[in-house]
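Student: The lines below spell out each chain.
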Amino acid sequence: MMKTPFGHTVYAMGAEYPSAAALYEAAKRVRDAGFRRWDVYSPFPIHGMDEAMGLGKSWLSGWVLFGGVSGLLTAALVEFGPSWGLYRLDVHGKPWNFWTVPAFFPIMFELTVLFGAFASFFAWLGMNGLPRWYHPMFNWERFSRVTNDGFFLAIEARDPRFTETGVRELLEQTGGQHITIVHED
Amino acid sequence: MPKISESQAWWRGYQNETEGLRLYPGTCDKSCSDRPQRRGYRSGGACNIIMDAAPTATGPIKEAERRITRVPLVLNRRNFSWLTERISGVVEQPAPRWWWVAFTITASAATFGLFCIGYQISTGVGTWGNQIPVGWAWDITNFVFWIGIGHDLAPVPNNWAIWQNFRSALMWDVFAVSTYFTVSVLFWYTGLVPDLATLRDRATTKVRKFLFGVFACGWRGSNRNWRHYEMAYLLLAGLSTPLVLSVHSVVSFDFATTLVPTWHTTIFPPYFVAGAIFGGFAMVLTLLLPCRAMFKLQDVITPQHIDKMAKIILLTGSFVGYAYTMEFFLAWYSGNSYERFAFWNRVFGPYWWYWWFGMLFCNCLSPQLFWFRWCRYNILVVFFVAMCVNAGMWFERFIIIAGGLARDFLPSSWRIYHPTWVDIWTYIGTLGIFTSLFLLFVRFLPMIAMSEVKTAVPEADPHYTTPPGIQSVSPGGKERTR
Numbered sequence: 250m251m252k253t254p255f256g257h258t259v260y261a262m263g264a265e266y267p268s269a270a271a272l273y274e275a276a277k278r279v280r281d282a283g284f285r286r287w288d289v290y291s292p293f294p295i296h297g298m299d300e301a302m303g304l305g306k307s308w309l310s311g312w313v314l315f316g317g318v319s320g321l322l323t324a325a326l327v328e329f330g331p332s333w334g335l336y337r338l339d340v341h342g343k344p345w346n347f348w349t350v351p352a353f354f355p356i357m358f359e360l361t362v363l364f365g366a367f368a369s370f371f372a373w374l375g376m377n378g379l380p381r382w383y384h385p386m387f388n389w390e391r392f393s394r395v396t397n398d399g400f401f402l403a404i405e406a407r408d409p410r411f412t413e414t415g416v417r418e419l420l421e422q423t424g425g426q427h428i429t430i431v432h433e434d
Numbered sequence: 489m490p491k492i493s494e495s496q497a498w499w500r501g502y503q504n505e506t507e508g509l510r511l512y513p514g515t516c517d518k519s520c521s522d523r524p525q526r527r528g529y530r531s532g533g534a535c536n537i538i539m540d541a542a543p544t545a546t547g548p549i550k551e552a553e554r555r556i557t558r559v560p561l562v563l564n565r566r567n568f569s570w571l572t573e574r575i576s577g578v579v580e581q582p583a584p585r586w587w588w589v590a591f592t593i594t595a596s597a598a599t600f601g602l603f604c605i606g607y608q609i610s611t612g613v614g615t616w617g618n619q620i621p622v623g624w625a626w627d628i629t630n631f632v633f634w635i636g637i638g639h640d641l642a643p644v645p646n647n648w649a650i651w652q653n654f655r656s657a658l659m660w661d662v663f664a665v666s667t668y669f670t671v672s673v674l675f676w677y678t679g680l681v682p683d684l685a686t687l688r689d690r691a692t693t694k695v696r697k698f699l700f701g702v703f704a705c706g707w708r709g710s711n712r713n714w715r716h717y718e719m720a721y722l723l724l725a726g727l728s729t730p731l732v733l734s735v736h737s738v739v740s741f742d743f744a745t746t747l748v749p750t751w752h753t754t755i756f757p758p759y760f761v762a763g764a765i766f767g768g769f770a771m772v773l774t775l776l777l778p779c780r781a782m783f784k785l786q787d788v789i790t791p792q793h794i795d796k797m798a799k800i801i802l803l804t805g806s807f808v809g810y811a812y813t814m815e816f817f818l819a820w821y822s823g824n825s826y827e828r829f830a831f832w833n834r835v836f837g838p839y840w841w842y843w844w845f846g847m848l849f850c851n852c853l854s855p856q857l858f859w860f861r862w863c864r865y866n867i868l869v870v871f872f873v874a875m876c877v878n879a880g881m882w883f884e885r886f887i888i889i890a891g892g893l894a895r896d897f898l899p900s901s902w903r904i905y906h907p908t909w910v911d912i913w914t915y916i917g918t919l920g921i922f923t924s925l926f927l928l929f930v931r932f933l934p935m936i937a938m939s940e941v942k943t944a945v946p947e948a949d950p951h952y953t954t955p956p957g958i959q960s961v962s963p964g965g966k967e968r969t970r
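Read top to bottom, the protein sequences are chains A and B. Numbered as in my numbering, the first sequence ends at 434 without a single skipped number. Numbered as in my numbering, the second sequence ends at 970 without a single skipped number.
Quick partial rundown of chain A residues pointing at chain B, CB under 8 Å, derived from the structure:
#1 Pro294
#2 Thr349
#3 Asp398
Label pairs and their calculated CB-CB ranges:
#4 B:Ala937 <-> A:Pro380: 17 to 27 Å
#5 B:Glu718 <-> A:Phe354: 23 to 33 Å
#6 A:Ala325 <-> B:Leu658: 16 to 26 Å
#7 B:Ala937 <-> A:Glu274: 21 to 31 Å
#8 A:Arg391 <-> B:Glu718: 18 to 28 Å
#9 A:Leu338 <-> B:Trp862: 55 to 65 Å
#10 B:Gly726 <-> A:Tyr383: 26 to 36 Å
The set of hints was computed from the structure by calculation and includes no laboratory data. Glycine is no exception: its CB is placed at the ideal position from the N, C-alpha and C atoms.
Just chain A, same shape as in the assembly (with noise of 0.2 Å):
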């Protein structure tokens, strides 16, 4: 583990870029130097930043497939269970045999979306281990720029390829700005 002169665990080694060009640019670099640990922050998604990276597609749908799947069985479960032998609900003189299933079709198609934005939503949370309310990237004062107009790269302390003075260097050739040390605490 990793201090610094003062004592602090040093969680990464960030820089600034001018631009999501620039930054762009440098994540290839860092990916191509064969970094794990890294991220990139930006205030918005960059298109084709994950390729940069060497990030795959998200597979956050198959969670929403999932939840898609489950919310069609269960409104297939409460309504065909009772019609077809638990509860018979004799309404207007419907029909409960199979002539019936056309009208469960609403409800299964509005369960299966109800579940599928549930999984989508609760997947986007869990996949992104949020809401997570600290991070040490907070610490670094110029930091708050990156909601703004500020443009981000850390390179993580436990990458094992980590030491200070070549990701230093690397950040520097990439054009990195401000670089610095991020404490963990």
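With chain A's structure known, arrange chain B on it following the hints.
Tutor: Chain B in isolation, oriented as in the chain A frame:
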């Protein structure tokens, strides 16, 4: 040559460049050079290329380049921090006086509306003007009206505390409306999180820091987070889109599954969906246009956006007009005398003026103005049509609901519906609640998704290279080195 400000120079150059695109005059001038506190803005960075390029645009390549020049989504080359300042400023600066005036009026209406709802619940539905055969009147009209605009919650119809009847259109309605509401809230909040983080990072008071901090969930703009965020947002958008169709189709089933003349028709689902998109866009314009002017957001909500919304209103308004026509044709073609009578009665019966004014003039004729470009680019015309559509869609729902009931099968039971003061004030109250909530939203939360608008700025493209002589515009006149 008279001295003109840089922004005016840019604007003229821009107009020359995109000839034929007659954006309404004065948009830029009003938004960027008239007010003293904003004099310092270098608002016309783009004039360099455009003014220089115009005379040389003669060769075939230049000509092709000129043709594919798109109208920028954010005008006047506003940069990221300008967007942050301007949009967050709405929330952070003290409320303007007009806001307090407007809020006092809407909050009073809302309070009285809530009183009426309380009075109706404590006394009973006898306080409404509903009388058999008109068992559904303003209550359901308002329900459909607000559903058409956004969202609302319906009571759960329960078959005497036994297992729900999932084959009932009313039950479908409960599921459709509550799903619509829930998914809208999730979608809305997800989109809001990065902007709440912006407000958190700009907050100066402890209360703001705490509240925005809590609701921003610790968002830090990390790309590993954006990756999942974008997928979640895309899928939520995809899931919400069919919901718009389903919720209005299902609302229309409430009517279509009955036997009342003018209700019992298969055209209702697409007809209601088109009507809801039509009415929804009109309401969005009704709220957007005043906000855009009051909060000086002309560079973000551009004439191009309004033009596109006007086109949607024209399209869906024409759908609605076609559906009205088709209803009449089918009433005649069906040979059903009740159906024929009901439609004859719609035009010449006791509710004749609702039809002539609301359905014919407001819904069918007024959007046809949008065939003309100058109408789509004239804010007053757009606002007038939007108000017509708002009124027209309410009249349409009322005439469908009460018109069919008031003159049903047995002439001996015919009765005209008269709203009571409770009906009227409940309706005014719902308008008050809606506008009050909107005004509060505008004051406390960012009304435009900053992180999304920023992606529409040219510099957001990772392959963007700064053309020589261009500087983006920061607030306070500070130029950022690129």
